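S.K.: Sequence order for the protein chains is A and B.
Here the first sequence stands for residues 7 to 415, where the numbers follow my numbering.
Here the second sequence stands for residues 937 to 1221, where the numbers follow my numbering.
Derived by calculation from the structure, the hints in this document are not laboratory data.
Some hints here could point you the wrong way.
Stated by the list, open to error - Partner residues are not named here, just some residues of chain A that face chain B (Cβ under 10 Å, in silico): (1) Arg-152; (2) Met-301; (3) Glu-412.
Said to hold, decoys possible - Label-pair ranges, simulated between beta-carbon atoms: (4) Ala-998(B) <-> Glu-170(A): 49 to 55 Å; (5) Ala-994(B) <-> Pro-370(A): 56 to 62 Å; (6) Ser-171(A) <-> His-1161(B): 33 to 39 Å; (7) Lys-1159(B) <-> Ser-400(A): 36 to 42 Å; (8) Asp-239(A) <-> Glu-1156(B): 58 to 64 Å; (9) Asp-389(A) <-> Pro-1010(B): 34 to 40 Å; (10) Phe-257(A) <-> Asp-1023(B): 49 to 55 Å; (11) Asp-389(A) <-> Ala-998(B): 50 to 56 Å; (12) Gly-126(A) <-> Glu-1196(B): 39 to 45 Å; (13) Gly-1025(B) <-> Pro-181(A): 27 to 33 Å; (14) Pro-1010(B) <-> Pro-105(A): 46 to 52 Å; (15) Glu-170(A) <-> Lys-1081(B): 31 to 37 Å.
Said to hold, decoys possible - Partial pick of chain B residues on the chain A-facing surface, computed with a CB cut under 10 Å: (16) Gly-1001; (17) Val-1045; (18) Asp-1117; (19) Ala-1129; (20) Gln-1132; (21) Asp-1136; (22) Pro-1213; (23) Leu-1219; (24) Leu-1220.
Being a predicted model, the structure only gives us computed values, none of them experimental.
Cβ atoms here follow ideal geometry from the backbone N, Cα and C, with glycine treated the same way.
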Amino acid sequence: MIGQARDKPFYRLSKYHAENMNSCPWKTAKYALTRFTPEGDGMKLYEYKAKELLRKHGIPVPDGFVVSSSDQVKELPGPVMVKAQVLIGGRGKAGGIKPADTVEEARKAASAILGLNIRGYVTKQVLLERRLEVAKELYLGITIDRSRRGLLLMASASGGMDIESVPEDRILMLPMDPLIGYQGFVGRRVSGFLKLGKEQKTQVADIVRKLYTLMVSEDAELVEINPLVVTKDGKVVAGDAKVTIDSDALFRHKEYEGLEEDLTPLEAKAKELDIAFVQLDGNIGVIANGAGLTMATLDSLNMFGGKAGVFLDLGGTDDPEKVKSAMLLMEEADPKVILLNIFGGITKCDTVAKGVLEAIEMKPTSAPIVARIKGLNEELGRDMLKEAGMIPASGLSEAAEKASKESLR
Amino acid sequence: MTVMIDKKTKVVVQGITGYQGTYHSKAMRDFGTKVVAGVTPGKAGEKVNDIPVFDTVADAVAETGANTSCVFVPAPMTKDAVMEALDAGIATIVVVTEHVPVHDAIHFVAVARSKGVALVGPNCPGLAAPGVGKVGILPSKIFMKGTVGVVSRSGTLTYEIVNAMTEHGIGQSTCVGIGGDRVPGTNFVDVLARFQKDKDTKKIVLVGEIGGTAEEEAAEFIKAHVTKPVVAYIAGRTAPPGKRMGHAGAIIARGRGTAESKIKALEAAGVKVARIPTDVPELLR
């Protein structure tokens, strides 16, 4: 990491983002990071929030409540499970889920789980909910299917475990034609595949319909009920729930406003500027515009033995003001070398260069800067930067080679 | 011949009175495109760069015979705008707007496909055919007329690679930026099929990225249907892996989606894969 290499403090991403980069809430970051992760980048909801949504849409969930300290537990709806509310899987194995029969036991379990670090996430809230008498565990989920350009409904009778480890022939994968939408046959196909009793079939088909409605009307990009529990008395209830909301649709879901994470000053600035800010483990600070170009810059550095320590992606823009802000932000991150790679579309290169020089003037840096700007008036821009003592480069390879060399010095 | 754009292309710019619409309608015209109309509700009768503005796409089509639309309207209104173009009988639609809600994209992409309309995007730079015209925001000066078809999921990286080709004297027949969104109106396979048929395209460059399985599907298609030489670059070989919470993505991907998987699939289909973008011109020789 840059901070370690230079023996100076480094502005880190908050734990939430560092551990879970694909849930970055900022727009540009989101845009960049969609491409790093197969699952998208939307806003993940805690289990209890996801279950509130299920309840709103009429899908049965166990009675329960959330607390952030153990003395908030006053009475129980019956025997309960105490469950850590964290945005990462593997809670059970990490000791984040415990049973309790009495208030005394529930408080004890809650204090044990609150503050627990689960794969990098500190538990701040626990959900206490009525324990289910499990007869059978199913899986039900809807996600975005990029290849078929629509929704994909998935169901399996082997719920409760990592669905990835379930053999493919035991998962029903039902692509949904957007022009057909949800029709009754969809629910019948799912409940038929799951080989359920008559009463459960009706309940499951109903849940499938409601889950589809939730997916579309709440602008979700993932809804997953795993396990979907068939209880010993024959009821079908959501045991756990994961919901991710499409962050591009938040403009029509004002209810999520203010649901944001604690940000470090640097992150807050990046967010405000709509710049993707991602920490890696090298010592070169990369500023580029566009997710693809940023990734290509990292690949090129790697070819020459260099490693990026942080990157700022401005998105597909070459706005000189944004370049300037990014430079200032990058200097705060204090990398050993800065590599600037801007491919101009609309703006002239001399204008971009002017922005860079203004940033340097405002806050001089000791890090060598390798600058490569491409587009209209590039010779002029390059000369300006060269005059200011930066290392100019005309091509991507040349820039990557020079930056790598500087970083290994 | 070119792909998705030709001499008969007549463009209507939806959202022409905005900054992007104004700037790029002129840039498109300067590149040789016939930009015949603009649409901004409530601004009928105005002119932008001497291009007449209409209230609706239907009016623009009736008055000017526009057959292609370039959409610059803000994301919350994009679905309405695209559906309007589809309803008005537009044959090719390029959606530049980014941050379009995925459920909106699913809906209008499905309608476009059912109507046989070529829809590129959302969140894409558009298409350019040097000597013919461009629809979208690709910078004009990087292009040179030639015989290589370029298809890419990226924006600025496309410019980087096209620029490198031009600097090495390798021109392009058509360049299609399909965009990086999860639900693209046009994908690699759609464009590869067109390039394979296009007489003026002799070689193909495919620019992909990590995530999704579009490159793997392209590789399968190339193996079965493409006889022209293909050179590819996949961005993100050294990008950090993200962490996941749910498992739905992993079920679909089943180990695909990484740079290694994509490169392996493409190489197995006979595609030459560049390690860095600047190697692409070399591999085209």
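S.K.: Looking at the structure, which of the earlier hints fail to hold?
M.R.: Going through the list in order, the structure violates hints 3, 8, 10, 12, 15, 16, 19, 20, 21, 23, 24 and respects the others.
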